[in-house]
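*Asks:* Next come the chains, spelled out residue by residue.
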Amino acid sequence: MSVIVRLPSQLRVLVGGEAEVAVEAHDVRSAIQAVEELHPGLAARVLDDEGKIRRFVNVFVADEDVRFLQGLDTVVVAGQTVSLVPAVAGGC
Amino acid sequence: MSFAIGLQCRECKATYPSEALFVCEICFGPLEVQYDLAAAKGVVTHESIAAGPNSIWRYHDLLPDTGVGPVDLGAGWTPLRRADRLAAVLGVRELYLKDDTVNPTGSFKDRVVSVALSSARRLGFTTAACASTGNLATSVAAHAAAIGWPSVTIIPADLESSKIAMAAIFGGTVIAVEGTYDDVNRLCAELVSEHPDWAFANINLRAYYAEGSKTLAFEIAEQLGWRTPAQVIVPLASGSQLTKIAKGFRELDELGLTTGAAPILFGAQAAGCSPIAQAFAAGDDTVTPVRPNTIARSLAIGNPADGPYVLDELRARGGDCGSVSDEEILECIGLLARTEGVFAETAGGVTIASLRQLVNRGSIDRDQPIVAIISGHGLKTLDAVVDTATVTHTITPSLAAAQSVLSPHLVMETSS
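Keeping their order, the protein sequence lines are chains A and B. Numbering follows the numbering used here, with no gaps: position 50 of the first sequence is 50. Numbering follows the numbering used here, with no gaps: position 249 of the second sequence is 1249.
Hints listed in this document are in silico derivations from the structure and should not be mistaken for laboratory results. On a predicted model such as this, the values are computed, not experimentally measured, just so you know. Check the hints yourself; a few may be wrong.
Stated by the list, open to error - Facing chain A, according to a computed beta carbon distance under 7 Å, are these residues of chain B, among others:
1. V1023
2. E1190
3. S1193
As the list claims (entries may be wrong) - Distance ranges between label pairs, derived from CB positions:
4. A:E18 to B:D1197: 51 to 59 Å
5. B:T1396 to A:F68: 52 to 60 Å
6. A:R55 to B:T1388: 36 to 44 Å
7. B:S1161 to A:G41: 20 to 28 Å
8. A:R55 to B:M1001: 33 to 41 Å
9. B:Q1278 to A:D49: 24 to 32 Å
10. A:D49 to B:G1318: 38 to 46 Å
11. B:D1285 to A:G41: 38 to 46 Å
12. A:A78 to B:S1325: 43 to 51 Å
13. B:A1316 to A:G41: 34 to 42 Å
We treat Cβ as the ideally placed atom computed from N, Cα and C, and that holds for glycine.
Using the sequences and the hints given, assemble the complete structure.
*Replies:* Right, dumping it as structure tokens:
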């Protein structure tokens, strides 16, 4: 079983319009890299020049913000979903 | 006529037409509405504004295009109250309350929702939606009801009962999520991609929505005779309100409509959810998310979208950010009510308690004018005060019983 990477509408054009991509990965970093290998261009939209998660992108593993976990090193296991979500939202 | 000309990314400055976009296609940065202020200068005047309606729409030239006309319940043009009795207690010379408790659904959210749904209708959306800590859900549901739109409002399940009732009464779909507001927000940010015909006021309509908060700055300036106040203190949740108040004052200055320097802006947070205050105090440029735990539910956003921009605005002119306990919040809801006759929700208690804290710290100049934003009505958070705000005496219906508790001393005490 593989890991599901879920994409926001803004990134779906990069993967042929799909909302999800299934990849083999062991952490968030390798999941993003695996999508990049299938669909070049994704990593640059999600990661900055230093390879860190962009300021306006939130990444969730099993609905938990990876900033509360181990960031790009957060472990993912088969069947889990890595969600990429624009950070700009919400509140007063 | 709106002088809006399009959208621009705050981060990389890429520009876009005034369409249904909310993040930069290149860097995911937030988009802001841009105006042709050069063209507006001399056309938008004190007189043209004064000739408009007694609502936020008197500033329609400086708000996004509404197409067929605004979705309008009458938001804005709320009182700017001189607060001398509270000023005396706090030891400040000139204090004003921007009293947004009197908006149609009881909070400043009516400003942003009126703008958001007006843009949503122009852009062809058919359903109103939002992620909300309560006030926004109420305002979205009410404005949607008024134009016959369905609404879907999504809130944390453990909100105050009064806020849930207010959101539900307008007949839309209210979905309670077992989680924090940040969980709700994340869920909605994903739902946006699945429901392209839904206008989430504070997500895919956010660029337009946020513009509504500028009207707080516009009204404050106009109500002070087109003079800028020296200092403004603003409650912080996502931080959008503060950054848009700053933008509002900048636009007025560019149009030559105000005298006086740009105000020094101050933030107000509850200690139980103070990611921006913590980042400010630590000298950080970014905001580390926190898990909220405060009675100030309308401000309980642990991952504030506009946090970095708030830090920039606070530092631009020597501002500061308060962080106050739940006890101080409750105390200051009472203080505000007893001194000024204004009943604020918990966010108002945060603002007044932070004002007191920052005056005592010396960050706020007690000799210069101050405007405090009171963003929502106390009826929205009755749960927070019902234990302490209760009857003074319970008596039998007899004159003797009444006289026995109403000694002259007691009457004096309660009226002072």
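*Asks:* Now tell me if each hint is right for this structure.
*Replies:* Comparing the hints with the structure gives:
no., hint, verdict
1, V1023, "5 Å, holds"
2, E1190, "6 Å, holds"
3, S1193, "4 Å, holds"
4, A:E18 to B:D1197: 51 to 59 Å, "20 Å, violated"
5, B:T1396 to A:F68: 52 to 60 Å, "57 Å, holds"
6, A:R55 to B:T1388: 36 to 44 Å, "42 Å, holds"
7, B:S1161 to A:G41: 20 to 28 Å, "48 Å, violated"
8, A:R55 to B:M1001: 33 to 41 Å, "36 Å, holds"
9, B:Q1278 to A:D49: 24 to 32 Å, "27 Å, holds"
10, A:D49 to B:G1318: 38 to 46 Å, "33 Å, violated"
11, B:D1285 to A:G41: 38 to 46 Å, "28 Å, violated"
12, A:A78 to B:S1325: 43 to 51 Å, "45 Å, holds"
13, B:A1316 to A:G41: 34 to 42 Å, "36 Å, holds"
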